[in-house]
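Line by line, the protein sequences give chains A and B.
With our numbering applied, the first sequence covers 1 to 257.
With our numbering applied, the second sequence covers 1 to 257.
Treat the hints with care, since some could be wrong.
A pair holds if it fits inside one copy or across any two, identical chains being indistinguishable in the list.
What the hints assert, rightly or not - EDC-like cross-link-like pairs, simulated, lysine to aspartate or glutamate; straight-line CA separation at most 16 Å:
1) K250 x E80
2) K168 x E80
3) K132 x E186
4) K99 x E247
Please keep in mind that the hints were generated in silico from the structure rather than gathered at the bench.
Okay, here's what each chain looks like letter by letter:
Number of protein chains: 2
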Amino acid sequence: MNKTTEANIFDNEHDYLHNVAVDNVIFGYHDKELKVLLQQPFSVHKWTVTGGYIKKTESIEQAARRVAFDRTGLKNLYFEQFRAFGNPQRVIDSGFSAKHISEISGINVSPDHWVFDYFVSVAFYTLTEFSKVSVKKGQLEADCKWWPVNELPQMMFDHKLIVKEALKALRIHIAHYPIGYELLPEKFTLPEIHALYETILEKSLDDRNFTRKLIANGIVVKLKETKNIGAHRSPYLYKFDLEKYNEGLKDGDVLVF
Amino acid sequence: MNKTTEANIFDNEHDYLHNVAVDNVIFGYHDKELKVLLQQPFSVHKWTVTGGYIKKTESIEQAARRVAFDRTGLKNLYFEQFRAFGNPQRVIDSGFSAKHISEISGINVSPDHWVFDYFVSVAFYTLTEFSKVSVKKGQLEADCKWWPVNELPQMMFDHKLIVKEALKALRIHIAHYPIGYELLPEKFTLPEIHALYETILEKSLDDRNFTRKLIANGIVVKLKETKNIGAHRSPYLYKFDLEKYNEGLKDGDVLVF
Numbered sequence: 001m002n003k004t005t006e007a008n009i010f011d012n013e014h015d016y017l018h019n020v021a022v023d024n025v026i027f028g029y030h031d032k033e034l035k036v037l038l039q040q041p042f043s044v045h046k047w048t049v050t051g052g053y054i055k056k057t058e059s060i061e062q063a064a065r066r067v068a069f070d071r072t073g074l075k076n077l078y079f080e081q082f083r084a085f086g087n088p089q090r091v092i093d094s095g096f097s098a099k100h101i102s103e104i105s106g107i108n109v110s111p112d113h114w115v116f117d118y119f120v121s122v123a124f125y126t127l128t129e130f131s132k133v134s135v136k137k138g139q140l141e142a143d144c145k146w147w148p149v150n151e152l153p154q155m156m157f158d159h160k161l162i163v164k165e166a167l168k169a170l171r172i173h174i175a176h177y178p179i180g181y182e183l184l185p186e187k188f189t190l191p192e193i194h195a196l197y198e199t200i201l202e203k204s205l206d207d208r209n210f211t212r213k214l215i216a217n218g219i220v221v222k223l224k225e226t227k228n229i230g231a232h233r234s235p236y237l238y239k240f241d242l243e244k245y246n247e248g249l250k251d252g253d254v255l256v257f
Numbered sequence: 001m002n003k004t005t006e007a008n009i010f011d012n013e014h015d016y017l018h019n020v021a022v023d024n025v026i027f028g029y030h031d032k033e034l035k036v037l038l039q040q041p042f043s044v045h046k047w048t049v050t051g052g053y054i055k056k057t058e059s060i061e062q063a064a065r066r067v068a069f070d071r072t073g074l075k076n077l078y079f080e081q082f083r084a085f086g087n088p089q090r091v092i093d094s095g096f097s098a099k100h101i102s103e104i105s106g107i108n109v110s111p112d113h114w115v116f117d118y119f120v121s122v123a124f125y126t127l128t129e130f131s132k133v134s135v136k137k138g139q140l141e142a143d144c145k146w147w148p149v150n151e152l153p154q155m156m157f158d159h160k161l162i163v164k165e166a167l168k169a170l171r172i173h174i175a176h177y178p179i180g181y182e183l184l185p186e187k188f189t190l191p192e193i194h195a196l197y198e199t200i201l202e203k204s205l206d207d208r209n210f211t212r213k214l215i216a217n218g219i220v221v222k223l224k225e226t227k228n229i230g231a232h233r234s235p236y237l238y239k240f241d242l243e244k245y246n247e248g249l250k251d252g253d254v255l256v257f
């Protein structure tokens, strides 16, 4: 069989950092739905967020982008590190796992291999338009797919907590930084951006107040064009002012709705 | 010589996680001044934030509290993890360091010891009243003291960035969570709490607006007592409603000033 990146870590122990890895909470938005990309190891009924090991030659951010690219094929995802998770309970049953990995990959893995040690996970989240992504599962996974954030399956270790904390961080984040450029069409209506914020925040936002704040900081600008969405209905279109958008990403600002 | 915790790590390699450690940005507030606790290794002209290694038996939070206790003697500090830092450039000159540590501690340390590997730092910040703290320097440090956050000395690696990011996280944090209980007297005046927020945020806050928001969420309550601070000046005293304060710490709320 071909050895993939996943398989190589069992041989190349000196190429990777021990005791610390990255996990990615990949959120996907599409048409009022917020989902998260999870994977399921072979013969295990529980799911995990996607993640991987850190090479000695790369930063933690580079590691997170590399392993996200492996699953989604996307290269320029906006990544935000939100928390690290680490405690001695975060270990898997190495006897069970070593046996399984050996069976699946054909590589003989010892139960005292370093991959079964206590690992601190540095966790990142990202947000993408999930209809754009073609998911690729890893060699050791039975499945990898999108789950609605409010209907998560049974998850391994503290991975449900990791998703919950990522969601909390995302919600605080969008109170200070602009979002939406990768998630909405280039030109969008107010109801479209309003639905995006309401879906992520999981609460309804006063229409007029929302629009006022959105326009006030100049990140969103009204166009002269309208969108024809049916008889007598042609709302104005809006777009992002990219310069202000990128400034906002850099500096942070208070956009609390 | 007595072997302290710091010295023991050179012997007990199997007791600690490799490639990952904790750093603490310990902020101190007192009377309109915001400072940070830094330490200076022997024979090095640069300073670092305080930090340490993680035992295999403890969580990253327990490690952060243990190493903070070693420096400050304080046990119940409110800790907030804000970011991890990790890239291959974060390594020290192990030849120089091994020689120095051997000279200072009397323990023979090899330049290829695991403590000189690439380390991911999981960073926490905390905020305390610095007049309450008696600082204890470590065995390998020439000095450990408070520095004003705006007058930092030369610092090692990316430690200036770590302080800067901690400050940014602290400022976002106080827009969502209450602060002040450990930093102000039990009963305080509005100018006292106003000065606390202005010092941390490093900007002036409109007096009336600040007071209105502070009272509105019920975390701060007005007392019937006044404080006598001179001829014809006796401002009302306020205190925290501890139940609401703790709820706010748990749930987060928008307190943006």
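Checklist entry - Given identical chains, is K99 near E247, meaning Cα to Cα at most 16 Å, within a copy, between copies, both, or neither? => result Answer is neither: 51 Å inside a copy and 46 Å across each miss the 16 Å cutoff.
Checklist entry - Is it within, between, both, or neither for K168 and E80, if the alpha carbons may be no more than 16 Å apart? => result both (12 Å within a copy, 15 Å between copies)
Checklist entry - Can you tell me if K132 and E186 fall within 16 Å by alpha carbon in one copy, between copies, both or neither? => result within (15 Å within a copy, 55 Å between copies)
Item to check | Within, between, both or neither, where K250 and E80 count as close if Cα-Cα is 16 Å or less | outcome: within (12 Å within a copy, 22 Å between copies)
Figure legend: structure checked against the earlier numbered hints; the only hint not met is number 4.
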